[in-house]
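> Sequence:
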Amino acid sequence: MNKDMSYNSTEGQQGWFAASNGRSSSLNLDSVVQPLALNPWDVVLCISGTIISCENAIVVAVIFYTPAFRTPMFLLIGSLAIADFLAGLGLIFHFAFVYCIQSQVVNLITVGLLVTSFTASVGSLLAITVDRYLSLYNALTYYSERTVTRTYIMLILTWGFSICFGLLPVMGWNCLKDVSTCSIVKPLTKNNLIILSISFFMVFAVMLQLYVQICKIVCRHAHQIAVQRHFLATSHYVTTRKGISTLAVILGTFASCWLPFAIYCLLGDYTYPVLYTYMTILPATYNSMINPVIYAFRNQEIQKVLWTVCCGCFSSTMPFRSRSPSDV
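Using my numbering, read the sequence shown as starting at 22 and increasing by one per residue.
The set of hints was computed from the structure by calculation and includes no laboratory data.
Treat the hints with caution; some may be incorrect.
To be verified - Here are the simulated distance ranges between beta carbons:
#1 Gln230 / Ile122: 17 to 25 angstroms
#2 Cys185 / Phe118: 20 to 28 angstroms
#3 Arg241 / Thr162: 44 to 52 angstroms
#4 Ile122 / Phe85: 25 to 33 angstroms
#5 Arg319 / Val169: 21 to 29 angstroms
#6 Val314 / Cys236: 17 to 25 angstroms
#7 Gly273 / Lys237: 14 to 22 angstroms
To be verified - Cross-link-like lysine to aspartate or glutamate pairs, in silico, DMTMM-like; alpha carbons within 25 angstroms at most:
#8 Lys211 / Glu322
#9 Lys198 / Asp290
#10 Lys211 / Asp199
Since we're looking at a predicted model, the values are computed, not measured.
For every residue, glycine included, the Cβ atom is placed at its ideal position computed from N, Cα and C.
Given only the sequences and the hints, what does the whole structure look like? Please build it.
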């Protein structure tokens, strides 16, 4: 099967992932809108979006309604939860609008929301990594007004860049008028998606470097504690291995979810089968599903609040132990 045959075989698959040509109804204002056949991939994405929204809505509610969580660490976790929550809503809106409204304007707004939310999610992960590194590197000065100011600056930059990226297709940088410029994600242009992919690789490189430095600091601290308290070498080894394995899970999850899609964005174009796009974008959405588990539900303070809400096992006035971001 040649590339043209592969392309034509995907015309029946709908959604903003679908490539379009002169006969595509989703990009032609003059064409007659017809009912679309239900795409199983869109159903899976909608279900994923529902789970993502519910998970992160819980995290946002817990952080918002708990005064003890007004710290830089929880602000960053809250930013991540809000971004993932919006990403889940975007996936739900995509499904609803594609099969009910079929409007170019709504399509652009939905894509802009998804670009903004996923970009903010990745940016919040970078901000959390920076915060964890600084909490170890500058442990003595971490709990200061400078940390709060730095946190707000990181949040403003993260959401500022994310909103700008999301507004690009809405403001006219799209392939609605020139199908040949389309990327694997309609209606984003190939150049737009390349910029997003390169930005991701830059974020990933910075996170990788920071986590390597964090591992070095953790190993050094574990060794110092073992020497001061006369721990056995096996205890030092277990502590170090636990810290490194946790960081490996965090970075490995992020890479395995986003790297396939980022690489395919650089290599693929609108003539490629839509199946490849769905197969790479689905793991990327799973990152927003896993983030609450890694960054929120593992936190002991958040667990106490959840238990309090669910079964009243803990007092709502129970004092919280101030923890470093490196403990989360």
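> All hints, please: hold or fail.
Now for the hints, and whether the structure bears them out:
Range check, Gln230 to Ile122: Cβ separation about 44 angstroms, and the 17 to 25 angstroms hint is violated. With their beta carbons about 23 angstroms apart, Cys185 and Phe118 fall inside the hinted range of 20 to 28 angstroms. Between Arg241 and Thr162 the C-beta distance comes to about 18 angstroms, which lies outside the given range of 44 to 52 angstroms. Range check, Ile122 to Phe85: Cβ separation about 31 angstroms, and the 25 to 33 angstroms hint holds.
The given range of 21 to 29 angstroms is respected by Arg319 and Val169, whose C-beta atoms sit roughly 24 angstroms from each other. In this structure the hint that Val314 and Cys236 lie 17 to 25 angstroms apart at CB holds, the actual value being about 22 angstroms. Between Gly273 and Lys237 the beta carbons are some 18 angstroms apart, a value that agrees with the proposed interval 14 to 22 angstroms. Distance restraint check for Lys211 and Glu322: the Cα-Cα separation of roughly 44 angstroms exceeds the 25 angstroms cut-off, and the hinted pair is therefore not satisfied.
Distance check on the hinted pair: Lys198 and Asp290 sit about 17 angstroms apart at the alpha-carbon level, within 25 angstroms; holds. Only pairs whose Cα atoms come within 25 angstroms are accepted, and Lys211 paired with Asp199 is accepted, the gap being roughly 11 angstroms.
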